[in-house]
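A.B. asks: Converting from the sequence shown to our numbering requires adding 7 to each position, the first position being numbered 1.
In short, the hints are calculated from the structure, not lab data.
Only a predicted model underlies this, so the values are computations on that prediction, with no experimental measurement involved.
Some clues are possibly wrong.
27 Å max Cα-Cα, derived DSSO-like pairs, lysine-lysine [what the hints assert, rightly or not]:
1. 40 / 20
2. 20 / 79
3. 40 / 23
4. 37 / 79
5. 37 / 23
6. 20 / 63
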Amino acid sequence: MEIRRSFIAGNWKMFKTVSEAVETAARLLKLVKDAEAEVMIAPPFTAISAVNDVIKGSQVSLGAQNLFWESKGAYTGEISPEMLYSAGCRYVIIGHSERRQYFGETDEGVNKKIRAAINAGLMPVLCVGETESERESKKHFLYLTNR
Numbered sequence: 008m009e010i011r012r013s014f015i016a017g018n019w020k021m022f023k024t025v026s027e028a029v030e031t032a033a034r035l036l037k038l039v040k041d042a043e044a045e046v047m048i049a050p051p052f053t054a055i056s057a058v059n060d061v062i063k064g065s066q067v068s069l070g071a072q073n074l075f076w077e078s079k080g081a082y083t084g085e086i087s088p089e090m091l092y093s094a095g096c097r098y099v100i101i102g103h104s105e106r107r108q109y110f111g112e113t114d115e116g117v118n119k120k121i122r123a124a125i126n127a128g129l130m131p132v133l134c135v136g137e138t139e140s141e142r143e144s145k146k147h148f149l150y151l152t153n154r
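Given the sequences, and given the hints that come with them, work out the whole structure.
C.D. replies: Shown next as structure tokens:
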């Protein structure tokens, strides 16, 4: 039986400017050069291309923090799976608790995003986690069971 490699994903959320993301990616490459785990980083959208230039050809993979399920159209502020793939992304985070909490994402929308990601050649990283308040109130197992 083949042993699966560990997968470590870093979601940088909305914390880095383009120059900060480039600097962080360069430092990260040095830190993980001998890692046995698969490493994926998801910088803010504005830094995807610049970070891709830094990590291209390395063992670090590029991911995105979100996508929209349509390939193109009048969806102001959204980004398509094909756009992400063409920018160098190979992974995309889908269903993050913050997207559900602040943007009202539903299981139905998450399903559409997963299908769109796969169809575009992206590997979805499905988040099924609970919010911080659910975890603190000890309701996290109930939440995960219902997912």
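A.B. asks: Hint by hint, note whether the structure agrees.
C.D. replies: Okay, the hints, checked on the actual structure:
This hinted pair checks out: residue 40 and residue 20 have alpha carbons roughly 23 Å apart, not beyond 27 Å. The hinted pair formed by residue 20 and residue 79 meets the criterion: a straight-line CA distance of about 24 Å does not exceed 27 Å. For the proposed pair residue 40 and residue 23, the alpha carbon gap of about 22 Å is at most 27 Å, so the pair holds. A distance of roughly 37 Å separates the Cα atoms of residue 37 and residue 79; the hinted pair therefore is violated under the 27 Å criterion.
With a CA separation close to 19 Å, the supplied pair residue 37 and residue 23 stays within the 27 Å bound. Note on residue 20 and residue 63: the hinted pairing holds, with a Cα-Cα distance of about 21 Å set against a maximum of 27 Å.
Violated hint: 4 only; the structure is consistent with all others.
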